[in-house]
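Undergrad: The opening position of the sequence shown corresponds to residue 1 in the UniProt record's numbering, with each subsequent residue numbered one higher.
Some hints here could point you the wrong way.
Dumping the calculated DSS-like pairs for lysine-lysine here, alpha-carbon to alpha-carbon at most 30 angstroms [unchecked claim]:
| # | residue 1 | residue 2 |
| --- | --- | --- |
| 1 | Lys111 | Lys36 |
| 2 | Lys34 | Lys111 |
| 3 | Lys76 | Lys34 |
| 4 | Lys95 | Lys34 |
| 5 | Lys129 | Lys36 |
| 6 | Lys95 | Lys129 |
| 7 | Lys95 | Lys76 |
| 8 | Lys86 | Lys36 |
| 9 | Lys101 | Lys22 |
| 10 | Lys129 | Lys101 |
| 11 | Lys76 | Lys111 |
| 12 | Lys101 | Lys76 |
| 13 | Lys111 | Lys101 |
| 14 | Lys111 | Lys86 |
| 15 | Lys34 | Lys86 |
| 16 | Lys101 | Lys36 |
| 17 | Lys95 | Lys36 |
| 18 | Lys95 | Lys111 |
| 19 | Lys76 | Lys36 |
| 20 | Lys34 | Lys129 |
| 21 | Lys129 | Lys76 |
| 22 | Lys76 | Lys22 |
| 23 | Lys129 | Lys111 |
With beta-carbon atoms standing in for the labels, derived distance ranges [said to hold, decoys possible]:
| # | residue 1 | residue 2 | range |
| --- | --- | --- | --- |
| 24 | Ser45 | Gly89 | 19 to 27 angstroms |
| 25 | Thr25 | Thr83 | 28 to 36 angstroms |
| 26 | Lys86 | Lys34 | 33 to 41 angstroms |
| 27 | Glu38 | Gly88 | 31 to 39 angstroms |
| 28 | Asn145 | Arg24 | 18 to 26 angstroms |
| 29 | Ile153 | Gln52 | 34 to 42 angstroms |
| 30 | Lys111 | Lys34 | 31 to 39 angstroms |
| 31 | Arg78 | Lys111 | 31 to 39 angstroms |
| 32 | Gln120 | Arg148 | 17 to 25 angstroms |
| 33 | Val144 | Thr50 | 31 to 39 angstroms |
| 34 | Gln85 | Lys34 | 29 to 37 angstroms |
| 35 | Asp112 | Ser45 | 29 to 37 angstroms |
| 36 | Arg53 | Thr136 | 12 to 20 angstroms |
I should point out that these hints are in silico values taken from the structure, not numbers from a laboratory.
We treat Cβ as the ideally placed atom computed from N, Cα and C, and that holds for glycine.
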Amino acid sequence: MKINATTKMATPIEEKVDQNLKTRTGMVMISDGKSKPELARLHLSMEMITIQRQDTSTPAPTPTSTTASHPPIESKERMVQITRQKVGGLGLSIKGGAEHKLPILISRIYKDQAADATGQLFVGDAIIKVNGEYITACPHDDAVNILRNAGDIVVLTV
1 MKINATTKMA TPIEEKVDQN LKTRTGMVMI SDGKSKPELA RLHLSMEMIT
51 IQRQDTSTPA PTPTSTTASH PPIESKERMV QITRQKVGGL GLSIKGGAEH
101 KLPILISRIY KDQAADATGQ LFVGDAIIKV NGEYITACPH DDAVNILRNA
151 GDIVVLTV
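Generate the whole structure from the sequences, applying the supplied hints.
TA: Rendered as structure tokens:
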């Protein structure tokens, strides 16, 4: 699963700093790897990730679209090993799931917890596998249970 930001967007990624909190907002293409990518608004902060799908019931007018000539940027899968802590577990929260037609996304990384200590995971990363087991078609609750029962050393493919 990938979240792909298009190279030419109707709205560029916008960065704001308000009360010492940095946020980023922009339009991205989201795909579960099986279906056609969908346009969505992505809002990232240190605390959470918000994904808003575009309403496709009535086509929105767009300025001369160049997405056909500029496909989404491909991101590479990476494997990250996390050692579960006795207090705080993996130190991350997830959002999404098959019932929402969204990938399983890291929505929060808790400071000084296991996921944060790796330095390799980021809010917005899509979790593809847990210990080599695909979770791309899992409902949210199943993904939570898989992560909870994955053992003390967990390898995430994101």
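Undergrad: All the hints need checking, so say for each whether the structure fits it.
TA: Do the hints match the structure? See the list:
Simply put, Lys111 and Lys36 have alpha-carbon atoms about 35 angstroms apart, too far for the 30 angstroms limit, and the pair is violated. Proposed proximity of Lys34 and Lys111 is contradicted: the alpha carbons are some 33 angstroms apart, above 30 angstroms. With a C-alpha separation of about 16 angstroms, the suggested pairing of Lys76 with Lys34 holds against the 30 angstroms cut-off. At roughly 19 angstroms between alpha-carbon atoms, Lys95 and Lys34 fall within 30 angstroms of each other, so this suggested pair holds.
Among the hinted pairs, Lys129 with Lys36 is consistent with the structure: their alpha-carbon atoms are about 20 angstroms apart, no more than 30 angstroms. Note on Lys95 and Lys129: the hinted pairing holds, with a Cα-Cα distance of about 15 angstroms set against a maximum of 30 angstroms. With a C-alpha separation of about 21 angstroms, the suggested pairing of Lys95 with Lys76 holds against the 30 angstroms cut-off. Distance restraint check for Lys86 and Lys36: the Cα-Cα separation of roughly 40 angstroms exceeds the 30 angstroms cut-off, and the hinted pair is therefore not satisfied.
Between Lys101 and Lys22 the alpha-carbon distance is near 28 angstroms, which keeps this suggested pair within the 30 angstroms criterion. For a cut-off of 30 angstroms, the pair hint linking Lys129 to Lys101 stands: about 17 angstroms separates their Cα positions. For the proposed pair Lys76 and Lys111, the alpha carbon gap of about 25 angstroms is at most 30 angstroms, so the pair holds. Distance check on the hinted pair: Lys101 and Lys76 sit about 21 angstroms apart at the alpha-carbon level, within 30 angstroms; holds.
Among the hinted pairs, Lys111 with Lys101 is consistent with the structure: their alpha-carbon atoms are about 29 angstroms apart, no more than 30 angstroms. Distance restraint check for Lys111 and Lys86: the Cα-Cα separation of roughly 15 angstroms lies within the 30 angstroms cut-off, and the hinted pair is therefore satisfied. A threshold of 30 angstroms between alpha carbons decides the hint, and for Lys34 with Lys86 the separation of about 36 angstroms lies outside it, so the pair is violated. Taken as a hint, the Lys101 and Lys36 pair is honoured in the structure, with Cα atoms around 12 angstroms apart against an allowance of 30 angstroms.
Between Lys95 and Lys36 the alpha-carbon distance is near 20 angstroms, which keeps this suggested pair within the 30 angstroms criterion. Restraint check: the Cα-Cα separation between Lys95 and Lys111 comes to about 18 angstroms, which is no more than 30 angstroms; the hinted pair holds. Distance check on the hinted pair: Lys76 and Lys36 sit about 18 angstroms apart at the alpha-carbon level, within 30 angstroms; holds. About 15 angstroms separates the Cα atoms of Lys34 and Lys129, which keeps this hinted pair within 30 angstroms; it holds.
Restraint check: the Cα-Cα separation between Lys129 and Lys76 comes to about 14 angstroms, which is no more than 30 angstroms; the hinted pair holds. Our distance criterion of 30 angstroms between C-alpha atoms is met by Lys76 and Lys22, whose separation comes to about 25 angstroms. Of the pairs offered as hints, the one joining Lys129 and Lys111 holds, with about 23 angstroms between alpha carbons and a cut-off of 30 angstroms not exceeded. A C-beta distance of roughly 22 angstroms is found between Ser45 and Gly89, which places it inside the suggested range of 19 to 27 angstroms.
For the pair Thr25 and Thr83, the supplied restraint of 28 to 36 angstroms holds, since their beta-carbon distance comes to about 33 angstroms. At about 37 angstroms, the CB distance of Lys86 to Lys34 agrees with the hint of 33 to 41 angstroms. The given range of 31 to 39 angstroms is respected by Glu38 and Gly88, whose C-beta atoms sit roughly 34 angstroms from each other. Distance hint for Asn145 and Arg24: a CB-CB separation of about 31 angstroms, inconsistent with the stated range 18 to 26 angstroms.
At roughly 35 angstroms, the beta-carbon separation of Ile153 and Gln52 lies within the given 34 to 42 angstroms, and the hint holds. The supplied range of 31 to 39 angstroms is met by Lys111 and Lys34, whose beta-carbon atoms lie about 34 angstroms from each other. Evaluation of the 31 to 39 angstroms hint for Arg78 and Lys111 yields a failure: the beta carbon distance comes to about 22 angstroms. Judged by the Cβ atoms, the range 17 to 25 angstroms given for Gln120 and Arg148 holds: they are separated by roughly 21 angstroms.
With their beta carbons about 19 angstroms apart, Val144 and Thr50 fall outside the hinted range of 31 to 39 angstroms. Taking the beta carbon of each, Gln85 and Lys34 are about 34 angstroms apart, inside 29 to 37 angstroms as hinted. Judged by the Cβ atoms, the range 29 to 37 angstroms given for Asp112 and Ser45 is violated: they are separated by roughly 18 angstroms. Distance hint check: the CB atoms of Arg53 and Thr136 are about 18 angstroms apart, consistent with the given range 12 to 20 angstroms.
Hint violations for this structure: numbers 1, 2, 8, 15, 28, 31, 33 and 35, all remaining hints satisfied.
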